[in-house]
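**Student:** Quick note, the sequences are listed as chains A and B, same order. Be aware that the first sequence starts at 1, since it is given in this note's numbering, and climbs by one per residue. Be aware that the second sequence starts at 1, since it is given in this note's numbering, and climbs by one per residue.
Source of the hints: derived by calculation from the structure; they are not laboratory data. One should not assume that every hint holds.
Simulated DEER-style distance windows between Cβ atoms [unchecked claim]:
no.	chain 1	residue 1	chain 2	residue 2	range
1	B	E52	A	S27	24 to 30 angstroms
2	B	V12	A	Q19	24 to 30 angstroms
3	B	G97	A	R59	27 to 33 angstroms
4	A	G53	B	S58	37 to 43 angstroms
5	B	P39	A	S67	34 to 40 angstroms
6	A	L51	B	S30	37 to 43 angstroms
7	A	R59	B	P8	34 to 40 angstroms
8	B	S66	A	A50	42 to 48 angstroms
9	A	S69	B	E72	14 to 20 angstroms
Covered by chain A, according to a simulated footprint, are these stretches of chain B (three or more residues, beta-carbon under 8 angstroms) [what the hints assert, rightly or not]:
no.	segment
10	60-72
11	103-112
For each residue, glycine too, the CB sits at the ideal point set by N, CA and C.
One-letter residues, chain by chain:
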Amino acid sequence: GQSLEQPSEVTAVEGAIVQINCTYQTSGFYGLSWYQQHDGGAPTFLSYNALDGLEETGRFSSFLSRSDSYGYLLLQELQMKDSASYFCAAYKAAGNKLTFGGGTRVLVKP
Amino acid sequence: NAGVMQNPRHLVRRRGQEARLRCSPMKGHSHVYWYRQLPEEGLKFMVYLQKENIIDESGMPKERFSAEFPKEGPSILRIQQVVRGDSAAYFCASSPGGTTIRELFFGEGSRLTVL
């Protein structure tokens, strides 16, 4: 089977840094993606890690450690518009399928 | 350049009726995925299709649910004899295919309410 664990909720103030951890148990694991979803909206792609290390895209960075079955999404210089749910998703090569975690709701306060 | 188009955005059905949800993938994309999302929960994989083929339906309930992606026209997720537990947001996503899915492109979802 496949499972991804991430915290259910994180609260922070504008300008702060938030790290959302994701641990996974996935046979045939190939890579880890992150998606953002605002209330009532569509999930949108943020980042993808297939190799160990840090990928930086503007204020958002994502990290993967395959040996630890662990990754995280780092949100820097938080803005009010970053209030949303963030999902990690494991890509399994066999079957070409993404399996999503339960999501972390990030609430940014003034 | 249109993204993934889903319709209807909102659908209300009474118990026992049928629901049909449509998804047109992004231009040039031949792979379609359907996910279901309950309030405050993650996205649960339902089915993965390519044109005229069901590749993986391991997340589909065995009864009442079916999906297709015909050679022409949108992909359709069909729910027969709906029950209250079917109330959820159903998201369609597409990708161009290939050996690695780096990114899925999601539609805005169809929100089904069963009375």
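**Student:** Determine for every hint whether it applies to the structure shown.
**Tutor:** Results for each hint:
1. At about 29 angstroms, the CB distance of B/E52 to A/S27 agrees with the hint of 24 to 30 angstroms.
2. At about 41 angstroms, the CB distance of B/V12 to A/Q19 disagrees with the hint of 24 to 30 angstroms.
3. As the Cβ distance of B/G97 to A/R59 is approximately 31 angstroms, the hint placing it in 27 to 33 angstroms holds.
4. Restraint check, A/G53 to B/S58: a C-beta distance of roughly 31 angstroms breaks the suggested window 37 to 43 angstroms.
5. Distance hint check for B/P39 and A/S67: the Cβ-Cβ separation is about 36 angstroms, which falls inside the suggested range of 34 to 40 angstroms.
6. Distance hint check: the CB atoms of A/L51 and B/S30 are about 27 angstroms apart, inconsistent with the given range 37 to 43 angstroms.
7. In this structure, A/R59 and B/P8 meet the distance hint of 34 to 40 angstroms, their C-beta atoms being roughly 35 angstroms apart.
8. Checked against the hint of 42 to 48 angstroms, the pair B/S66 and A/A50 fails, with Cβ atoms roughly 34 angstroms apart.
9. As the Cβ distance of A/S69 to B/E72 is approximately 43 angstroms, the hint placing it in 14 to 20 angstroms is violated.
10. Remark: the segment 60-72 of chain B is not confirmed as covered by chain A, as 0 of its residues place a Cβ nearer than 8 angstroms to a Cβ of that chain, below the required three.
11. With 7 residues having a Cβ less than 8 angstroms from any Cβ of chain A, the segment 103-112 of chain B passes the three-residue criterion, so the hint holds.
Violated hints for the displayed structure, listed by number in ascending order: 2, 4, 6, 8, 9, 10.
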